[in-house]
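S.K.: Here's the letter readout for the chains.
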Amino acid sequence: MKYESQGVAKLYFIAAIGLFVGQILFGAIMGLQYVMGDFLFPEIPFNVARMVHTNLLIVWLLFGFMGSAYFLIPEESERELYSPLLAKIMFWIFLVAGALTILGYLLVPYAQLADLTMNDLLPTMGREFLEQPTITKIGIVIVALAFLFNIGMTILTGRKTVITLVLLTGLVGLAVFFLFSFYNPDNIVLDKYFWWFVVHLWVEGVWELIMASLLAYVLIKVTGVDREVIEKWLYIIIAMALISGLIGTGHHFYWIGTPDYWQWLGSVFSALEPIPFFMMTLFAFNVVNKRRRDHPNKAAVLWALGTAVMAFLGAGVWGFLHTLAPVNYYTHGTQVTAAHGHMAFYGAYVMVVLTMISYAMPIMRGQKAANETAQKLEIHSFWLMTISMVFITLFLTVAGFVQTYLQRYSDEPQSFMVVQEQLATWYWLREAAGVVFLLGLFLYIYSFFAKGKEVEFVEE
Amino acid sequence: MRETFTKGMARNIYYGGGVFFFLVLIGLTVDTVKSLPKTDNSENMTEQVAAGKRLWEVNNCIGCHTLLGEGAYFAPELGNVYTRFGESTEAIKGFIKSRPVEGIPGRRSMPQFNLSDEELEELAQFLKYVDGVKTARDWPPNVQG
Ligand code: HEM
Ligand code: HEM
Ligand SMILES: [Fe+2]
Chain A
1 MKYESQGVAK LYFIAAIGLF VGQILFGAIM GLQYVMGDFL FPEIPFNVAR MVHTNLLIVW
61 LLFGFMGSAY FLIPEESERE LYSPLLAKIM FWIFLVAGAL TILGYLLVPY AQLADLTMND
121 LLPTMGREFL EQPTITKIGI VIVALAFLFN IGMTILTGRK TVITLVLLTG LVGLAVFFLF
181 SFYNPDNIVL DKYFWWFVVH LWVEGVWELI MASLLAYVLI KVTGVDREVI EKWLYIIIAM
241 ALISGLIGTG HHFYWIGTPD YWQWLGSVFS ALEPIPFFMM TLFAFNVVNK RRRDHPNKAA
301 VLWALGTAVM AFLGAGVWGF LHTLAPVNYY THGTQVTAAH GHMAFYGAYV MVVLTMISYA
361 MPIMRGQKAA NETAQKLEIH SFWLMTISMV FITLFLTVAG FVQTYLQRYS DEPQSFMVVQ
421 EQLATWYWLR EAAGVVFLLG LFLYIYSFFA KGKEVEFVEE
Chain B
1001 MRETFTKGMA RNIYYGGGVF FFLVLIGLTV DTVKSLPKTD NSENMTEQVA AGKRLWEVNN
1061 CIGCHTLLGE GAYFAPELGN VYTRFGESTE AIKGFIKSRP VEGIPGRRSM PQFNLSDEEL
1121 EELAQFLKYV DGVKTARDWP PNVQG
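Sequence order for the protein chains is A and B. Take 1 as the starting number for the first sequence in our numbering and just add one per residue. Take 1001 as the starting number for the second sequence in our numbering and just add one per residue.
Each computed BS3-like pair below joins lysine-lysine, with the alpha-carbon atoms no more than 27 angstroms apart:
(1) K290/A <-> K1007/B
(2) K221/A <-> K1007/B
(3) K376/A <-> K298/A
(4) K221/A <-> K451/A
(5) K160/A <-> K2/A
(6) K368/A <-> K160/A
(7) K10/A <-> K376/A
(8) K368/A <-> K290/A
(9) K1007/B <-> K160/A
These are calculated hints, taken from the structure and not from any lab test. The structure presented is a predicted model; accordingly, all values stated were derived computationally and were not measured.
Let the hints inform the model, and build the full structure from the sequences given.
M.R.: Next up, the structure:
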């Protein structure tokens, strides 16, 4: 570690991994509820498990992004973090607020949570992914502002690199677009339209900036390839992300009461959205092939390559699968959507955070790379989680197409619940793959504690 | 990448493209918002509907159902439930009211929300209002949602 203050990232990464475990446990609960409808009913109804699953995902990814920023920015800026103390305080505030919110979901009926947190004053709850009580949302904004202030001051008073500026832009964008979560009009069409300004403009907009810059940073570190080359790639990738993704928002405006022209605009521009993801794959392999050194952290290199490939598959290929309006007409809001949501989130954002953790954690623990045994286990866990996610996606995709056919395309459309019963086999298979994913995650955590022969490397 | 394509060019495409398409998105948003009254059924927006939307939210119905194809995929689409239930708000209210507290053994069950008659009416009016939104190609494809 070049700068002592980079060490605050460790807290953030540990919390991220802990919440990740919670996320997957609740995923497994829901997977079971899909086939055993009365499982944990009425103690943990499906909707509660779902909020916990998706909100934990978002919160731990945010912890991951913040930790990554705290690790990377001092080093890139060539100075200590503006205020490590502020970073620590914000960590605890965010963790406590997050934990209280999740406990709120689990311990009291949601309507009562809305009452307790005075949702009526500024109603923002009860929309997908934005279920947090308004007070929690305000807390998120405060934490985000303090965080941006902290890294902003570090960046602006230190060496400015393309990586830190792109990362900062992405993180500012993340905070700005989150503000749309406070806008909740009675008009359902308007509500839905601007809801996507948070959700779509996050994952297919500003988060791509964050992802690309984190990937670029790790690739510079593990390959030693010239910064100029990497920065050129970075610019062109994020250029394509914004050029396709901004108007690409239109792929959510086909069937919600918005004008017809969105079917054209959304289809054309979102069909271009795979391009930046494909370029990330080219970029990662290109740079690794041209590497000037063999970094001892093999696991981190694997995670970086894996991120690029899986993000392209999940977001690019599975996104394209249902993004054209004539296809989306049939698949909209089916298991096809769920299939894509899983692989895209995993491939892009889960994996990029795990890439950063893989690279940074050993350094924060005073090594250059984890020992050989630990790396071997980490690599096994990479394959376990990644392959099981591929299977989760495949099973859901089959379920989704069968659902689409039976419920929407065949001459005698069957009712939702009748169709669901016929999909049970695929849901059982998904659950089995989910259990393997969970095992992979446990192995991943265990790898941090494994002892073994230290890796050998030549000092630069 | 070839040397003729410089980092500066890449940077300009990023800034230029990003700003340009962001402005286009804003322009399209203004146009969309202006033309919404033609489709969004706002002529039938009442206080009851607004109250119903709040109930929809604070009971987290979206955590199991889709509404116009967005939400969770565990339970049926409700954007057209008014049509599916024979254009009867009574049928919708009856269904919500009659959910067993302990659920139905072995099956996916909807919770009992213990809503008052007034609240049931508001929710049903909200669902009726959403059903009245004019979606392109009359989505969903058929009455099953
Ligand atoms: C890493 C990037 C991405 C992530 C994390 C992501 C995630 C998601 C999620 C979670 C949903 C479901 C939203 C909901 O609950 O309603 C969704 C929907 C959708 N995504 Fe993505 N996505 C990504 C990139 C893409 C790309 C690049 C495309 C197109 C090429 C795409 C096309 C779509 C479409 C068309 C839908 C709507 C599905 C429907 O009609 O039900 N996504 N995405
Ligand atoms: C044990 C593994 C997992 C299982 C069994 C599982 C199960 C589920 C289920 C049943 C849903 C709800 C679908 C519905 O609304 O009906 C869901 C939603 C979701 N899960 Fe998972 N999940 C798992 C792992 C993951 C992972 C690793 C991620 C992140 C990378 C993830 C991200 C999401 C997202 C983004 C949604 C919302 C999807 C949407 O709205 O389209 N899940 N999950
Ligand atoms: Fe999108």
